[in-house]
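Asker: Spelled out, the chains give:
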Amino acid sequence: MLGMFPRCLLVTALLSQFLSGIGICQDVAKPKEQPKTISTAIEPWPSLPLGLDPAHVIDLALEHGYREHSVNPSSSIDDAFFVRRLYLDLVGRVPRPIEVQEFLKQTESTKRAALIDQLLVSDEHAEHLAEVLDAILIGRTNVDQVKKRTDSGWIAYLQNAVHDNRPWSQVAREVVLARPTNPKARGASWYLYSRKDKHQDIAEAVSKDIFGVRVDCAQCHDHPLADEIKQKHYWGLVAFFNRSKNVDTPEGPRISESAIGGFSDFANLEGSSSPNELIFLEDRYVDEMRPAKDVKEEDRDDLYVSVNASDPKVPKFSRREQFVENVLADHPLLGKAMVNRLWGWMMGRGLVHPVDSIDSFHPASHPQLLDWLSRDFASSGYDVRRLIKSLASTKAYQLSSSNIGNSDPKWFATALPKPLTAEMLQRSMLVILEPLNPGKWNAIEHRVAFANLFPDVLAEESIANAAQGLWLSNGESITDLVSVKQSRFLQSIVSVTDNAVLIERLFYGILGRKPDIDEISQCMDYMAKRAERRYAAIEGMSWALITSAEFRFNH
Amino acid sequence: MTIELEKIDRYSFPSGVLDFAVKPDGRRMFAACLDGIYELPLADASTEKAMPHRIGRHGSFVSSVALIESTNKLLTTSYDGTFHVRDLAKADGVSREGKEELAPQIAERIHNFWSWDMALSPDHRFVASVSGQYLVGAEDYTPSTAQEPTVKIIDAATGRQLRAFDMLPSVQCVAFDISSRYVAAGNLMGDLAVWEVESGRQLAHWRTKSFTSWGITKSHCYIGGVFAVSFSPDSQSLVAAGMGDMRDPMAGNGRQLWQRFDWRKIPVEMKQETITTQAGEGLMETLAWHPSGAHFVMAGRLRGGKWNLGVFDTESGQLIGEAKTGMRITTARYSPDGETLYLGGMQGQPKPKENRFPDFGYFERYRVKS
Amino acid sequence: MSTDSKPEEMLNAPCGSIDHRLHRRLFLQGSLAGAASVASFQSLFSVPAFAESAKARGKRCILLWLCGAPSQFETWDPKPGRPSGGPFGSIPTSLPGVHLSELMPKTASIMDQLTLVRSMSTEPKEHLQAIDALTRGEAPRPPFTRPIFGSVLAKQFGQLDSPVPQFVFLDPCPEGNEFKAFKASNWAGWLGAEYGPVRFGGKYRIENVDLPVGMNPTDHSEREALRAFLSRKFVNDHQNPAVQSYNAVFERVKGLMSSAPLFDLSKLPESDRAKYGPGIFGMHTLLARHLIENGSTFVMVANGMPWDCHAFNHETHQMLVPEMDRIVFHLINDLKARGMLDDTLVLVMGEFGRTPWLNEARGRDHYPNAWSMAMAGCGLKPGVVYGSTDEDGIAVNDNPVDQRRLFATIYTALGLDPHESYDLPGFPTFYRVEKDAEPIAELLA
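Residue numbers (our numbering), protein chains in the order written: chain F, 1 to 555; chain G, 556 to 925; chain S, 926 to 1370.
There may be inaccurate statements among the hints.
[As the list claims (entries may be wrong)] Quick list of simulated restraints, FRET-style, between CB atoms:
(1) Asp518/F / Ala1370/S: 46 to 54 angstroms
(2) Asp151/F / Gln702/G: 52 to 60 angstroms
(3) Asp817/G / Asp1135/S: 52 to 60 angstroms
(4) Asn268/F / Ala1370/S: 44 to 52 angstroms
Since the hints were derived computationally from the structure, they do not count as laboratory data.
These numbers come from a predicted model, not from an experiment.
Cβ atoms here follow ideal geometry from the backbone N, Cα and C, with glycine treated the same way.
Bound-form chain F, shown alone:
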């Protein structure tokens, strides 16, 4: 049966069959309320097989949404827009002029796909995605902690994981288990170690980062807004980690685990208490003998795998190992959280938004699509690179971000402008202006301060503040950066005597496009007023372009 249809038609047929099956086909005027349960309660897209091209499935599902909600998608972007957008998303900086020219002059119809492939295997991609993952998994911090992340091997670990395209399930397993078995993975321990033995912090982080669910609210009572998140899940997740302890070994920071203890009761606000059993979302459960009330547990060598005193302790029954084997492995949220996060990264908002709130209070905009993509991601072996490539290949990713029309952003009918992260902004500024003293910008103190000034990474909504405006307007570093004295790029154009040409070179260099007529005339006026102060004129224009919203956003 399957073989009888051309592939594309098959998908379309299956999709429409499915869509009518759940009653949101085109004949029905009003969309139904999204069911308020976690999606695994429904059989997701039962008739849509795996093995289809995810980009194609995404296109069809979003187009269906456009029709259902009577929104018109914006037009597709041209190559010049595409190359900037893709460089920023995949390698974390704007393309250099030469890279733009290179791409524009290619004529093959497959050149966008080729560029995606090329960037995804680059070292810059590994460095960039590792930075993003670091900011998500551990967050913004101070200079001291940033140094430790490098020294511990954490950053290198993430870079290797991206570079080798290691399955996300393995990476998640390694950071949560924190028992590296080879030197390449030694940095994986830092994820837990950085939480300084605070087991609740660990639980809250693991839940948010690995499962895409915030359980913080369930500390004192069942989650008030999402009933599937219970207080026992919060304390159950804590229990999986509460025998763990940071230790320093010759190989670096490690997490030992005790074979005993960690049995506790948690009290709700009324004062009744319950035992903290090893249980997490979906009631995934690990059986463990609880010692009888009056029995005092005894810590003995035979409870451990290794009794070598210099090794971090590994018990024969390890709760962390039980967690990765029986809770984490193949948990539907493991894939779903990553799919939703990478969707958010590429598209500007998650199918569930904010991206780390996959619960019944935050229904997905396209729940069946998210389910299908999550299953597809799992069946691909949690192939992150394939997922990013699929997303970048969709029509939705390649739509214009200009949104003169109105539509709810959750239908993805226009591309959403994405603020550059601090790292992306800094790298892009440096790539373009080529300061003589990049060392100053790359100094760790400067990078950390900059990251804390522009801290957002995949924020629910990124709202700028006055401190940023003041820094961009009057900060010493930015003044320095756009000075002719410091910028190789500006030095390379000061000798252009034709002001119109100079303005065009500035626009092209900074924004990657030509100025329009109004812009040229405005800049000409600006220069004319400063005919005697040519450097000041050039610096003023460079500043205006480098601080423009057009530069600040990936659009």
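On the provided structure of chain F, position chains G and S as indicated by the hints.
Answerer: Frame of chain F, contents of chains G and S only:
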């Protein structure tokens, strides 16, 4: 050695029990409750369980109660800042449900703010009461010094003030040593001090930072502090109790913590504290030494962990007994023979049912088995 | 709707439908009118009448935001001696028959100048949802982000070209997860980022307020004018809160540079600092008074989340309430002494109340069913206590007030029509206050 606690019985009170005193013969107890002073006859195998009845009131929560057996006087202090003395000779067998309450013989206002805690000296001569309102004293919300002395020693018989000491508010607990020579107090900021009653001299003053949290998570203010102090039977050391640093000050989730100090050393030395692996989380509010001196009890709330009452070996500091009582314990006391442990406390206050707030204060008796 | 001609090339944007062109026109109308909002794709609503704002100009508001939610029992609605009443007594006030908690003697002495609501009854039980409801007036209805009322006032009363920021948010204690989540949200909503707050954290110093070395003020302004010009098309084409807010911060730079000294509390008299301080909540309230005196329209002083007393309710309120008592007393007195109380509205509130019952951790939990809030000044009848609760404070006896009626009253007191609509064909119609909620006549002067 392990100590086993076997529950004998439980009595309920209309509101929370903050403190209690049991007659030496164990036949009757008096409770300081949120809504007044209660009397309760205690049952033995041959009698039926009685109901507590209110014998008097203050203008606010009654925070402490003490009994002078020889003169049959009941001493109480309250969050209204007053000290009351009642003559129990007039109460025995008289004040039952529906009968008139007992008026105080002495009613002295001794503080402008709460009496957080009161202690009667073992020789029954002195009463120590501690007070102090936490008011903002600096940009970071450290407490401002008090307008009046926060630690007061008064004559147990007359209510007359004998001594007054200054300590930074709020002073939350007070205790005499067994010789009635020394008195100690602890406050919000983890300050501890020991005075000699007779001379009024301060013999030691130190700060432990282990009990006080500053609310970085939610607020700029201090919270927690020392909630119980108790001298060891040899008077040589002082134990303080409360809870350790809280990750989220509004979650009440600090470690169940005691620390034992050699207060005669200069500077004062911390000798022992709860062994981390043996403690859960929750505020500890009371300490009681077994008459043998071999072990002591610390009790309070179970927020997380396995017990809300721990028995600790005096010598080693090891946990040698525990209980989970299903209520927040505010006071623990041993009978004079050390065979019975009494506990008072409360659960969370339930919502009213049929226009009445259900009982939520409790008194329990346990048989102590070693 | 105006039919003025507009630059045709802008109308020829590549989007075909009539609806789109219509939106586009309204948008242009707005932006050319100067006072309009251009904030986000949701922003294309008609602009409330200019006449209205002219009429109401000069009104100001200070919101003391008691985040985390204080206990009504230990403040405005004491129930001494009741099982729910807690340990504190009550005291008479300058308003015969009205008692406040004994923790508030100073405010009690000026009770005749306050307007108190003791019958607040709202729905959301969790901080984030309740803060949204009590600052925006309505639960969020994504993607239409309703502005918080500070933005509404900044827009109605503020002057965009004022060097002093019109909406200032003082945040002395920036931690606290739920409040942080609220702060990360879009405050100005469909009004547009230019009506969002200028925020200041724990320290008063503002950085980067001096001109870059060697640059004169004219160059600085002209450089910014060029930036604004070169950004215009992009910003117009991207009706997105992040883009709009980015652009809007540059509009504030010049004003902040000139008004930076206003934020320097060391320039204020020591006697003022002594009255309000030394706690940082008081210092920020003093700053709020100072900013209002110098031209700000709306200043919100958040108090962190210390009121969220799930543990140690009484032990924490013994400190927090006297501080608030002193701050409210001095603020009202100072505004009055300066003749500013008549056009300055002061609001003192949190997002809900706290339970009549104590939990096991000595705390009171969230309780939206029956709680209190206080106001004073501009357009309100002083010395009124509205509504009441039963003897244990469990339920509202009479005249329940939800956030809609509260906002209807606040807007009316300030001279704004609570039923003003934000209307656009094809979109749901939004009102400044939904569901035809009526202002409370008894509270209005």
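Asker: If you check the beta carbons of asparagine 268/F and alanine 1370/S, does the distance land in 44 to 52 angstroms?
Answerer: Because 47 angstroms falls inside the window, the suggested range holds.
Asker: Does the Cβ distance between aspartate 817/G and aspartate 1135/S fall inside 52 to 60 angstroms?
Answerer: For aspartate 1135/S against aspartate 817/G, whose Cβ atoms are near 57 angstroms apart, the range 52 to 60 angstroms holds.
Asker: A range of 46 to 54 angstroms was offered for this pair. Does it hold for the Cβ distance of aspartate 518/F and alanine 1370/S?
Answerer: Given about 52 angstroms between the Cβ atoms, the range holds.
Asker: Just to be sure I understand the hint, the distance between the Cβ atoms of aspartate 151/F and glutamine 702/G should be within 52 to 60 angstroms; is that true here?
Answerer: Once the Cβ atoms are compared, 53 angstroms apart, the range 52 to 60 angstroms for glutamine 702/G and aspartate 151/F holds.
Figure legend: structure checked against the earlier numbered hints; every hint is met.
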